[in-house]
Structures are given as structure tokens and as C-alpha cells.
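Peer 1: Given next are the chains, with one letter for each unit.
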Amino acid sequence: MPNPHPDPEARLREWLEKFRPLLAKVVRGFANCRQEEQELFQDVLVQLWQSAARFDGRCAESTWVYRVAFNTAMAWSRAAKRRSARQADVADFDTMPAPPAPDTAQIDALYAAIRQLPAPETALIMMHLDGVSYREMAEVMGLSEANVGTKLTRARAQLAKLMNGARHE
Amino acid sequence: MNDEEMKRLWQNQPLPEPLADVPTLLATAGRKHQKFQRTIFWRDFREVGVALVLIPIFVASAQREDALWTSYLIVLALVFVAGFMVIDRLRWRKAAPGPGETMGDTIRAALAELEHQIWLLRNVLWWYIGPLMGALIIDTTHQMLTGPREPSSFIGSLAVFFLLGAFLWWLNQWAVKRDLEPRRSELQKLLEAVR
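First to last, the protein sequences are chains A and B. Read in numbering that gives the first Met the number 0, the first sequence has 149 at position 150, and its numbers run on one by one without any break. Read in numbering that gives the first Met the number 0, the second sequence has 112 at position 113, and its numbers run on one by one without any break.
Same shape as in the complex, but just chain A:
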């Protein structure tokens, strides 16, 4: 049971240590390039930092961190879409994705496919691939387990289609 009045900074450090892989995956799943990943990661950290003092241990830490990270990423992604619509014709070397290394081509393709899903499905698929239970997914997303099952089935089918399409191109 976590301390009810911990130092938020200490808790944030602890979460960063523990959930860094999870956060890195969420950020990469929603951002399109390294610069965007950094921006989003900073936003997620600020939100986690702000939420750290409110964490009361009524749900698992991983559920809390997933929830904060996905909510931030989804809000960020909506804002990023508005921004990119405004700056569609501006090319910048910093925002161009680095060419994929040969051994990361598959994971890059998977991320590219995930990014094409709608934001809630992106979150569900990421948790599914991480092996998160339906119950925890339901807690993170604020959905019933049955609803998670339905949405996830649809998202998995869509992802498989996208992945197979990418392979045939």
C-alpha cells in the first residue's frame, strides 16, 4: 500500500524507474517522430508528476500510469492532428523519422500499423500486446470488460489487416 502523502517527485522517479518501458511504448505508439516522442514524453511526465500526489493506491500503479499516459497521449494526439493540419506543407529535418535499421523494420511496421488505429483502439492494442488483463484494460479505459473484448476483437482484426497489407506492399 503506497504512502498516502508521499513526495510526488520521489514517486515520479519510482514510476519512471519501474514503468519506463511502458511509457516509451505508449509515446512511440502515438508520436510520429523522435521530436514528437520527446514532446509527448515530457507532457506525460508532467501529468504523471501532477497526478502522483493524488494516487491513493485504490488501483494498481500500472493501471494508474497507463491511464495517465493514455489520456495524455490521446489528448496530445488530437492537438497534434490539429497542428499538423495547419502545418501540413512545412518540412523540417528534425521532424523526419530516422530511416529504420534493418533489424527494427518489423517493430517499426507494427508501430506504423498501430498508429493508424483510432486512439482508444491504439491504447487497447498496446495493452493487449503487453499482456494486460481485460480487467485492467477495463479499469484503465473506464469500459466494461465485455466492451473491452468487443473493441479489442475489432482492433486486432484491423491491426492484422494493416500488418498483412504492409507485408504485401
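Some hints could be false.
Unchecked claim - The calculated DSS-like cross-link candidates involving lysine-lysine, where the alpha carbons are at most 30 Å apart (straight line), are: (1) B:LYS188 x B:LYS34; (2) B:LYS6 x A:LYS160; (3) A:LYS17 x B:LYS6; (4) A:LYS17 x B:LYS188; (5) A:LYS150 x A:LYS160; (6) A:LYS17 x A:LYS160; (7) B:LYS6 x A:LYS150; (8) B:LYS176 x B:LYS188; (9) B:LYS176 x B:LYS34.
Source of the hints: derived by calculation from the structure; they are not laboratory data. A quick note: this is a predicted structure, and the numbers were derived from the prediction, not measured.
Starting from the known structure of chain A, arrange chain B on it as the hints suggest.
Peer 2: What follows is chain B alone, placed relative to chain A:
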């Protein structure tokens, strides 16, 4: 690729280098604050610079034989505005936190400086617009009463001064609303988080 293969790929993916951590976050907040300080510095530099250029011009014009004593009021107003801005800057430079401060101290210092800038812009009427416009209006009125200026030109000048004053006031309040208040709530949220 089936579901199990995707899971395996996902769970065994090489993770990128850390993107940012708490010190980086603090550094980002610090960079934003430094940018804000630079903007404020150049704004003050411009304002004081213009006043310093205008002071000798108005002193020279006040020393002409036909000049009225009210011309010196404009010089006084320029000296007051430039002096006020320089003293204000020096006071805030002394109050800046030293190196090694905690995250909370850094945010509190940034917030205090921002609050002060909001206060300055909200009160721009008495320390900037008022003295300058007041001196110009007194000088123009005196010129009209003592003869060299026609009433129609006097009314025209008054209208220009009022419009200019109102525009400057509006511009400052708009800057508070558009830039400073959103930044203040951002910093307040951050401060809440570190308490």
C-alpha cells in the same frame, strides 16, 4: 504475422534511450523561463533605450528660447519611466534564486517573476502611459493657453494622445490575457504538483 508473433515482437522490442526524466523536465521548464526572461529583458532594453534617446532631444528642445517650461515635464516623465524600469529590473535581479535550488523553489521564483510582470502590465497606466501622456497633454494645453497652438490643433493632438494611450493600455492587457495568464496557470499547476 499472427497475434502471438506480434505479442512476442512487441514484448521483446529494443527500448529507445530514455527520452526525458525529472531533471530534463526541470531543465525544460527552466529553458521556457529563460526565454520568458530574455523577452522581458529585450522589452525593457527597447523601452529604456527609446527613453534615453528621447531625453537629450527633449532637453535640447526645452532649452530653445521660445520653449515653455512644460517641455521639461516631458523630460521628467521620460526620466521617471526609464528610471522606474531600471530600478525594477535591478530589484528583481537581486531576488533571483541561486543555483542548487529545489524544483519547487525554481517554479516559485518563476511564478513570482511572472506575477510581477502581470502586475506591471496591469498598472502600466500610472508608471508608463500616465506620466508620458500627462506630460504631453499638459505641454499641449499650455501651448494652447499661451498662444502658439490653435484650438483645433489642440483638440486633434488631445485625440491622438488619448487614442495612443488607450491603444497602449489595451495592448498590455491583451498581452497579460494571451501570454501571461495561461503561463501563470501552467506554473501554478506545476507548483501544486511539487507541494
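Peer 1: Is it true that the CA of B:LYS6 sits at most 30 Å from the CA of A:LYS160?
Peer 2: holds, 16 Å
Peer 1: CA of B:LYS6 to CA of A:LYS150, is that 30 Å or under?
Peer 2: Within the cut-off at roughly 18 Å; holds.
Peer 1: Are the Cα atoms of A:LYS17 and A:LYS160 separated by 30 Å or less?
Peer 2: violated, 33 Å
Peer 1: For the pair supplied as a hint, A:LYS17 and B:LYS6, confirm whether the alpha-carbon distance does not exceed 30 Å.
Peer 2: holds, 20 Å
Peer 1: Are the Cα positions of B:LYS176 and B:LYS34 separated by 30 Å at most?
Peer 2: Given pair B:LYS176, B:LYS34 holds - Cα atoms ~18 Å apart, limit 30 Å.
Peer 1: Hey, A:LYS17 versus B:LYS188, does the alpha-carbon distance stay inside 30 Å?
Peer 2: Holds, at roughly 25 Å.
Peer 1: Hinted pair, alpha-carbon criterion (30 Å max): B:LYS188, B:LYS34. Please report holds or violated.
Peer 2: holds, 20 Å
Peer 1: Given the hint that B:LYS176 pairs with B:LYS188, test it: the Cα-Cα distance must not exceed 30 Å.
Peer 2: holds, 18 Å
Peer 1: Next pair to validate is A:LYS150 with A:LYS160; report whether the Cα-Cα distance is within 30 Å.
Peer 2: holds, 15 Å
Going down the numbered hints, you'll see the structure goes against just number 6.
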